[in-house]
Amino acid sequence: MSAEASAGRLTIALLAGLAITCGVPTPTGTTGVDDDPPARDRVDVHVHLVGDAVDELLAALDRNAIAAAVVIASPHLDPALGLAPGPDARMHGWREANDALLAATTAHRARLFPFVAVEPAEVDIPALERWFQRGARGVKLYFGHQKLHARPLDDPAHASLFEWLEQRSVPVLVHVNTVRYRDELARVLQAHPRLELVCAHLCGSRTDLDRLAGLLREFPRLRVDTSHGAGLPGVDGFTAIEEDRDRLRALIEIQPERFLFGSDLVTAREGPGDLDAPRAWDLQLAANLGLLERERFEFWRHAARIGALTPGVYHGLALPEPAVSRVLGGNARAWLGAYRPP
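Start counting the sequence shown at 235; every next residue gets the next number (my numbering).
Simulated from the structure, these hints should not be mistaken for lab results.
Quick list of the computed label-pair ranges, beta carbon to beta carbon:
hint, residue 1, residue 2, range
1, A538, R574, 51 to 57 Å
2, A447, A542, 31 to 37 Å
3, A538, V413, 24 to 30 Å
4, H549, I488, 19 to 25 Å
Glycine is no exception: its CB is placed at the ideal position from the N, C-alpha and C atoms.
Sequences and hints are given; from them, build the entire structure.
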């Protein structure tokens with residue numbers, strides 16, 4: 235079979251799955267997943283708004299019954315900016331990306347909550363306060379990403395930022411590779427115990443629930459988002475969780491206030507199998523919701539050929555009430571409401 239024919243068959247198969255996941259009628263005999271869950275207040279706390287995609291994002295949120303989303307300045311992911319992490323591991327263009335994000339979301343602040351990105355050793359606090367006066371709702375820190383780790387997380391140069399964030403109860407979303415930088419994160423949390431901090435991707439522990447359980451036990455105020463990105467990172471995370479889903483379900487049921495729904499959607503990225511952007515976004519949003527709400531959900535899986543992906547069905551957590559409503563929206567609303575302006 236040619237590569238073009240293989241891609242076509244993959245796309246057709248996935249589109250059938252998407253129709254199931256999104257509640258669109260499917261041909262008789264198609265294997266389905268659970269019925270649509272009841273209406274809930276869903277808030278996605280992890281969306282990278284890049285490119286000119288506000289209208290398209292709002293449409294995707296509507297299709298997936300998501301009420302609102304935290305949208306993050308992401309200069310290193312935005313092809314329109316032509317930027318990439320530099321050789322010194324610093325994030326470039328973040329000031330310009332913040333200005334663009336605030337401008338793009340001005341008319342939609344009831345649904346899109348902008349989080350500015352900062353290089354923590356370089357940010358000017360008065361400038362940060364001006365972004366909040368213009369409508370910023372929180373801060374995203376990428377400095378725990380291996381490619382953006384210019385200095386230790388607990389470097390003294392970061393202290394003034396953390397003091398301001400802690401004093402103002404600013405919602406902070408942080409990406410931390412906890413395989414490499416767990417001790418640095420620990421020192422930050424010990425020095426600033428009142429930070430309103432959410433650590434993305436189950437705090438870098440989607441494939442190691444022992445590490446997640448240890449972090450939650452050691453830092454009682456630490457919260458995490460449940461986001462899984464597109465492609466291989468999402469597949470690896472969903473696969474690992476499926477193998478130990480009873481344990482994650484128990485962790486969430488015991489302390490549901492510590493988990494927040496996220497998708498890690500990047501609005502400029504298309505999916506495997508030549509899917510167009512709307513279908514790729516729907517697949518990612520529905521899968522991240524399905525992990526929490528459903529007994530089964532659909533996403534890509536590893537194929538027999540190394541590095542290849544194929545459509546597949548996963549076992550979800552099917553969280554009960556009231557935990558599922560807290561994780562999907564209630565915790566996000568409380569976190570976003572914590573900020574105290576000057």
